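The listed protein sequences derive, respectively, from chains A and B. Letter 303 of the first sequence, counting from 1, is numbered 303 in full-length UniProt numbering, and no numbers are missing. Letter 260 of the second sequence, counting from 1, is numbered 260 in full-length UniProt numbering, and no numbers are missing.
Any given hint could turn out to be false.
Since the list gives no way to pick one copy over another, a pair counts as held whenever it fits inside one copy or between any two copies.
20 Å max Cα-Cα, derived SDA-like pairs, lysine to any residue [unchecked claim]:
id, residue 1, residue 2
1, Lys50, Met29
2, Lys293, Asp100
3, Lys13, Asp151
4, Lys293, Leu338
Just so you know, the hints here were simulated from the structure itself, not pulled from any lab data. Computed from a prediction, not measured in an experiment: that's the story for all the values here.
There are 2 protein chains.
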Amino acid sequence: MAACANTILLDFKVESSSLTQDGFNKLEMEVIEGLEKHFGVNSMEKLMVKTLSSEGDHLSVFMGPQQSVINLRTFSNGLVSIIIDYLKEGDEEPLLTTLDGKALELALGKLGKDMKSVTLPPIKRGTPFDIYFPLSDGRLVEYDVDKLIYDEKSPFQRVQIMHSKTFGNMLVLDGLPNLAESDLVYTESIMCRGTEDYKDKEILILGGGDGALLNELRKENPKQIDEMVMKICKEHLRSACGDTLDSYIGKNYQIIVGDCIKYMEKCVFQGKKFDYVISDLTDLPISETPQGKMWELIRKVIRMSFSVLNDTGKFLQHGTGISCTNQLAMFEGVVGELEIPLSFTRTHAFVPSFLEDWVFYQIQRKAA
Amino acid sequence: MAACANTILLDFKVESSSLTQDGFNKLEMEVIEGLEKHFGVNSMEKLMVKTLSSEGDHLSVFMGPQQSVINLRTFSNGLVSIIIDYLKEGDEEPLLTTLDGKALELALGKLGKDMKSVTLPPIKRGTPFDIYFPLSDGRLVEYDVDKLIYDEKSPFQRVQIMHSKTFGNMLVLDGLPNLAESDLVYTESIMCRGTEDYKDKEILILGGGDGALLNELRKENPKQIDEMVMKICKEHLRSACGDTLDSYIGKNYQIIVGDCIKYMEKCVFQGKKFDYVISDLTDLPISETPQGKMWELIRKVIRMSFSVLNDTGKFLQHGTGISCTNQLAMFEGVVGELEIPLSFTRTHAFVPSFLEDWVFYQIQRKAA
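All chains should be modelled from the sequences, with the hints used to inform the complete structure.
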């Protein structure tokens, strides 16, 4: 790995009442002593010290070895935070290993009232490709990405294929993991494999540009599948999509690159009906209310889908991570409030590369 | 959530040749302007500025709104890093939302040569309980822990039960996730369910204090199981261990709290033999070479296990995350170099709460 900035975060708690000016001076001395035990005597140069508020907010900034910048910060609630930031060359020993961090925690923790201290693995920044991705609820995860295989901007989005040691090749759209070779369970969950019978059925897939869904559906002998794709993964996600994307017209499927709303309008006009519409479009938007452009699109897709589904037809779509309870409730509200009376069931499955339990919906017309 | 420190990390790249003193002054002005667009005019007070080296290493420190401390740092390779650190009250609006971060990225990214910029979700520190855990290869993951249910120090280790929205109750030993209610696949993988036939067999489990392994083995009608446990999870991991830990002696099992090496020595003395020994003890140690106390223990456990296994008996044990290729190779070397000729197979399975593909070993005496 090339040079990247490493940010090491350590923290522990002291009695907030101890953070007077004198108390902070004493703490600062002990922290310097603790750090210099690891970095070497006189390895730290004090750059500044400042009292930020009279309620225990203090800041000292130091320069340490390898041009590291070290912030020692105390907060009014007794939290003591040390941030060490430096440029680590790829083959260089880390300034502080996890074990050093543990030792330092023990040394510094003695200052704290309950010895509770935390050293996080270094946060790496300026890496040649992204290794941190947020989960659906905004949590941070460091992936074991070791290679960037493809990186281009399409007219619609940034398309990347990254290799993860754990998940194989991953499709990343606009910085969000979309599907990896490890994720057959995603495809099987959205299509309800084992529950739904696709034999001789008419199926319309919206989205699903990675080809995985079409690839699995083809194994179930459906009558006909139409699919609209934005971007093909036939080269780099081959274990997921098989040979499905090699040809846009197959024995029992057709891939249409275009706007899925317009295609469905054409189907309405021609009176074409489907048994299943499977929507593999974008995730549920994160928002305070189910309003805005993205939610309008979701409503439109559901309405249009039911206008091309036959009376007992099913609309299948993925939701989002199970911990996003607000988003899921909003989506269920949207489904319940449409002018077509609809009922839904939901399932969930842990999708490896998402690192989350993911929710899937099965939506039908209410029986008259 | 109570007040905790939030650390927001932003970074982007500029031409390293532009980081002269003048170049840095210009960059600093644009960063202040960009940040004050979000924080308000004159919301930032400069505390210090320093050139750390003549190769483009500069540092400015500011105080921003809500007593935030803002480090603007440039590195010799052209990386520009902004660290914003402040105390966020539980119900307070974040100083910078993900969307603000994205907007700021765009504004600041214009300074950079290729617009590549990254804002990470805030790192939360001083939280009432840990929410970050390292994976086996040291990667950082933020878990969706929302409750600390149990937290005590035993004579041997710190024992915590935490509730995760995704994984249910999790057993955390000395800060490392051990088993969660979501992890039946771990138990089924270590015992090779479906491949091994436990009917009327003699089984010895080493470790396995969570009771999950014993609980699943009991369903396979073995003749007898002995188990040594350090700590019971019968209350909080009940969906994993069932009623297995309610009684230490059952129809076909016995739980022994004690040192498993000593117990095996006793078995050797008494001539007692087993068909399976399943070792659910600690993870493979992270080390440069397969030496040291922990590796000696691993050797000892394997040796002792084969001294109580009958000739065709199997030793089953978990390894570590699949991305820890060094640790796995060391373990396989250790197995291959013991004085007893052994052969092994390995399987792997993605364990939900570990967020990793985990390796499991099946070890046997080589056929004579």
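Status of each hint after checking the structure:
1. Lys50 / Met29: Answer is within: at 15 Å inside a copy they meet the 20 Å cutoff, but 22 Å across does not.
2. Lys293 / Asp100: Cα proximity of Lys293 and Asp100: across copies only (19 Å, versus 50 Å in one copy).
3. Lys13 / Asp151: Between copies only: 17 Å across, 44 Å inside.
4. Lys293 / Leu338: within (16 Å within a copy, 65 Å between copies)
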